[in-house]
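Quick note, the sequences are listed as chains A and B, same order.
Residues 1 to 156 in this note's numbering are what the first sequence lists, from first letter to last.
Residues 1 to 765 in this note's numbering are what the second sequence lists, from first letter to last.
Treat the hints as calculated values from the structure; they're not laboratory data.
Keep in mind that this is a model prediction, so the values were computed, not measured.
Using N, Cα and C, we set each Cβ at its ideal position, and we do this for glycine too.
One thing to keep in mind: the hints can contain errors.
Unchecked claim - Estimated spans, in silico, between C-beta atoms of each pair: (1) B:A431 to A:T124: 47 to 55 angstroms; (2) A:Q10 to B:K532: 46 to 54 angstroms; (3) A:T124 to B:R754: 32 to 40 angstroms.
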Amino acid sequence: MSYSFTLNGQTVEATTPGLTPLLTVLRDQHGLQGAKLGCGEGRCGSCTVLVDDQPVAACLFPVANVAGRAVRTVEGLAAPGAPLTPVQDALLDHGGVQCGACIPGVVMTLTALLESEPAVDAATAKEALTGNICRCTGYVKIVEAAVAASGRGDQA
Amino acid sequence: MSVIGTSVRRADGDDKVRGAAVYGMDYTEPGALTARVLRSPVPAARIRRLDVTAAAAMPGVRAVVTAADAPGRSGMFFALRDQTLFATDEIRYAGEPVAAVAADTAAQAEAAIAAIELDLETLDAVLDVETALDDGTRLIHPDWESYETLVPGPRRGNLAWEARTERGDVEQAFREAHLVVEDEYRSQRQHQNSIEPHAAVARYENGRYVVHTPTQFPFNVRGRVAQLLGVRPSDVRVVVPTIGGGFGGKLDAMLEPIACVLAQRAGRPVRLLNTRAEELRTCGPRENAVVRLRTAVAADGTILAQDGLIIADNGANSSGETVACANVAPLVLGGSYRIPNARYVSQVVYTNTPPTAAFRGVNAPYCVFAQEMHLDHIARELGVDRRELRMRNLLRAGEPMVNGQQLDDAYLVEAMQTVDRLRPWGELTAASRPLRGHAVVPLTWITNPGPGGAGVKLEEDGTVTVASAAAEIGSGAVATGIRQIVAEQLGVRFEDVNVSPTDTDAAAYDNGAQGSRTTFGMGNAALEAAGKVREQVLDVAAGLLEADPADLELVANAVRVAGVPDRQLDLATVAGTALMTRGPISATGAFVAPPIPFDAGCMTGALFTHFAAATYHAHLAEVEVDPDTGRVTVLRYAVAQDVGRAINPQMIEGQIHGGVVQGIGYALFEDLRLSDDGHVVDESLETYRLPTSLDVPPIDVAILENPCPYGPLGAKGAAEPSIIPVAAVIACAVADAIGTPIRQLPLTPFAVLRALREGRRSRDL
Ligand code: FES
Ligand code: FES
Numbered sequence: 001m002s003y004s005f006t007l008n009g010q011t012v013e014a015t016t017p018g019l020t021p022l023l024t025v026l027r028d029q030h031g032l033q034g035a036k037l038g039c040g041e042g043r044c045g046s047c048t049v050l051v052d053d054q055p056v057a058a059c060l061f062p063v064a065n066v067a068g069r070a071v072r073t074v075e076g077l078a079a080p081g082a083p084l085t086p087v088q089d090a091l092l093d094h095g096g097v098q099c100g101a102c103i104p105g106v107v108m109t110l111t112a113l114l115e116s117e118p119a120v121d122a123a124t125a126k127e128a129l130t131g132n133i134c135r136c137t138g139y140v141k142i143v144e145a146a147v148a149a150s151g152r153g154d155q156a
Numbered sequence: 001m002s003v004i005g006t007s008v009r010r011a012d013g014d015d016k017v018r019g020a021a022v023y024g025m026d027y028t029e030p031g032a033l034t035a036r037v038l039r040s041p042v043p044a045a046r047i048r049r050l051d052v053t054a055a056a057a058m059p060g061v062r063a064v065v066t067a068a069d070a071p072g073r074s075g076m077f078f079a080l081r082d083q084t085l086f087a088t089d090e091i092r093y094a095g096e097p098v099a100a101v102a103a104d105t106a107a108q109a110e111a112a113i114a115a116i117e118l119d120l121e122t123l124d125a126v127l128d129v130e131t132a133l134d135d136g137t138r139l140i141h142p143d144w145e146s147y148e149t150l151v152p153g154p155r156r157g158n159l160a161w162e163a164r165t166e167r168g169d170v171e172q173a174f175r176e177a178h179l180v181v182e183d184e185y186r187s188q189r190q191h192q193n194s195i196e197p198h199a200a201v202a203r204y205e206n207g208r209y210v211v212h213t214p215t216q217f218p219f220n221v222r223g224r225v226a227q228l229l230g231v232r233p234s235d236v237r238v239v240v241p242t243i244g245g246g247f248g249g250k251l252d253a254m255l256e257p258i259a260c261v262l263a264q265r266a267g268r269p270v271r272l273l274n275t276r277a278e279e280l281r282t283c284g285p286r287e288n289a290v291v292r293l294r295t296a297v298a299a300d301g302t303i304l305a306q307d308g309l310i311i312a313d314n315g316a317n318s319s320g321e322t323v324a325c326a327n328v329a330p331l332v333l334g335g336s337y338r339i340p341n342a343r344y345v346s347q348v349v350y351t352n353t354p355p356t357a358a359f360r361g362v363n364a365p366y367c368v369f370a371q372e373m374h375l376d377h378i379a380r381e382l383g384v385d386r387r388e389l390r391m392r393n394l395l396r397a398g399e400p401m402v403n404g405q406q407l408d409d410a411y412l413v414e415a416m417q418t419v420d421r422l423r424p425w426g427e428l429t430a431a432s433r434p435l436r437g438h439a440v441v442p443l444t445w446i447t448n449p450g451p452g453g454a455g456v457k458l459e460e461d462g463t464v465t466v467a468s469a470a471a472e473i474g475s476g477a478v479a480t481g482i483r484q485i486v487a488e489q490l491g492v493r494f495e496d497v498n499v500s501p502t503d504t505d506a507a508a509y510d511n512g513a514q515g516s517r518t519t520f521g522m523g524n525a526a527l528e529a530a531g532k533v534r535e536q537v538l539d540v541a542a543g544l545l546e547a548d549p550a551d552l553e554l555v556a557n558a559v560r561v562a563g564v565p566d567r568q569l570d571l572a573t574v575a576g577t578a579l580m581t582r583g584p585i586s587a588t589g590a591f592v593a594p595p596i597p598f599d600a601g602c603m604t605g606a607l608f609t610h611f612a613a614a615t616y617h618a619h620l621a622e623v624e625v626d627p628d629t630g631r632v633t634v635l636r637y638a639v640a641q642d643v644g645r646a647i648n649p650q651m652i653e654g655q656i657h658g659g660v661v662q663g664i665g666y667a668l669f670e671d672l673r674l675s676d677d678g679h680v681v682d683e684s685l686e687t688y689r690l691p692t693s694l695d696v697p698p699i700d701v702a703i704l705e706n707p708c709p710y711g712p713l714g715a716k717g718a719a720e721p722s723i724i725p726v727a728a729v730i731a732c733a734v735a736d737a738i739g740t741p742i743r744q745l746p747l748t749p750f751a752v753l754r755a756l757r758e759g760r761r762s763r764d765l
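Next up, chain A with everything else stripped away, as it sits in the complex (with noise of 0.2 angstroms):
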């Protein structure tokens, strides 16, 4: 089968199988390895891209429920050479980055949750996090850094 969606922006076409988990696609068809298969399972949230601006587990989502969808990975957020976005800025300010494996998961976490609400305080970035597992930070500064991009400057 054949499914239309767009990629970061632009148009592209899939063919395979309607049930191909879409990180397939994306890593293996599209080069986009941003997004990891930490567990396959839907658990650890490394996978996470946006549909619709929605935060998805990709090693989960079919491939047939993007057709005519927007999707966005952490690689269209800024382009290569660009500066960061406030989300991906303030991770690295706040010191929210270790080994990094989730963070392209947490980014997108993040940047769907700056997008739907105005003014984000620890709380909300706590319950926004709970699909992306950190074996590394221990989420403070992840949670910091969330609640600096979102300007209101306030602290866990």
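Keeping the supplied structure of chain A fixed, place chain B with the ligands upon it in accordance with the hints.
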């Protein structure tokens, strides 16, 4: 302005937040084949027949390998060489590799695995660490006597290793004691669960194995691959892409030797990547253990003697660090308190279970849990305040720990006082109420003393490159710490220091990202090399500036005559001149921690004999228990940690947060269970629960600077220790909340409800 003590951004951060960093799990090579491993379905069996003929003839199959292709015997750190890459005649755990296939596609590799004929005669599985040593129990390694070891160590049959530390007259002290208290504690397996699974891509090139793998310890992987395959270490080259977490789980060779032998046989690159289930089933977790402590105290709570037995599960072989770290248990049990007479026996026992391995803090978290619950028991018997009992027995500067090592810079009192300022014990105790509890725990810990070498060179453009095989595990030690140290030494901007990619061919030996050693050990090596580069720069510049080298300073990427700002040269000019006059400016540095006096005679079977660059800590937790659900909520947490000198405070805070949260998981729910028939129960993240953002309490952090005379700029290790006291302090706080001691980890809701019931029953009696 000095770059030391500033929270510079990590040099690898931009690529990481853009999703551009290439991790081990992302890496592949043109023409790479896909590999799959046939693993044993049972924990103990004799191999009657293994036939790969049909599998090898299947479409797309390029290589099939078995034990015959990997003749060597090895073990982690080469401590005890009881492991073969593939099971030979006998299966020793469910999940043990039996054969491996490389094929054009994953489907072809899987079909070939299914076509391998394996006929097994099952044996009685020895699963219980406590009965494994009983007379008459089947021996898991009947040939144990023939295995080579790095140092002599007592062992026999299913006792893989024993380390002993004994000082003073324990029996006499027990006879004279006011009170003797005895307890037993149990702890579970905890899995590292880095977000990135193990991965390896190998090729065979010009007669050498080249393997790309996200390992924490490239030189160990090199040596282990060589030993398992029966070749020389220099026949193997290990290259490290970005690492997606390790926590000890990526110290040892795992998939690398399998990928290497397949690549050699197939004549093509081979890629092998674990699924999450394979990670949980086969990659060595923190060992489960039993700790028995018996302590003699005086009426005022002074510890007179302690007698301890630690039984740790090695699993089926020593491919993890459990044997190598056996003596860490005595050191940590006797490293924080004055225990004048002590006897610790640390036993590492074979079972037919997946091998256990290093996880951040190695043997310490459960030993500290046992010690601290046990001290609370003593405090209760004596009617002494729990903090007061600890303060009374705490090691002071200049006093010896259990191995006779004098802790000249002990800083435990200061650490305890610091958390007391953050969360005053008196106020917490005064405000105490049912189902709320608090506890405080001190800790002395080691910085890994291992060797490392670095090269530093001045580039023609005046920037600096460090050649190092240290691995950036995520802590920022390479991405910030080493660069900051070198930038400081040479007066260049942080951004103008690069570090070479991690490659065993390109730089000197390095002891790996373990035990918080990278900033400390590699930092020292790089600092020494940079110091020599500095001298060369000054020498060349002195000629050009017609000045005495002693009058020159290195500031802002330039050399200048101190106090004469217009007499200066930028480093690019110096580097360019040097090319014409003396050759390129470059130097090497090397480090291994200096020897420390201790009583070597008090230990046997010890690979770790002392605490180099010891660090001092105190942790405090406040918890609340829900009596209906048994759920524990950590309300607040505080840490005071001695780091020697804080090179990058923000990175250190991140390590403290991360360790505390891993410790909360260990204390409350992480548990890699084994079934009664020897299989890993928790083979997905659905039942192996990891801490989420909602499990994290507010964490107060105080970084203490108590410099180490042989640390780079005074720094000690900072990344590892924050996990160690967490289970102890949370368990003690929960016990305080419910008025009932805790004897087993983790404190799941069921366990807490059980403890609540038992507490009620014993109070009713
Ligand atoms: S890889 Fe998709 S949730 Fe873990
Ligand atoms: S930074 Fe390593 S998992 Fe989040």
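Each hint, compared with the structure:
1. B:A431 to A:T124: 47 to 55 angstroms: violated (30 angstroms)
2. A:Q10 to B:K532: 46 to 54 angstroms: Holds: the Cβ-Cβ distance is about 53 angstroms, inside 46 to 54 angstroms.
3. A:T124 to B:R754: 32 to 40 angstroms: holds (36 angstroms)
In this structure, the one hint that does not hold is number 1.
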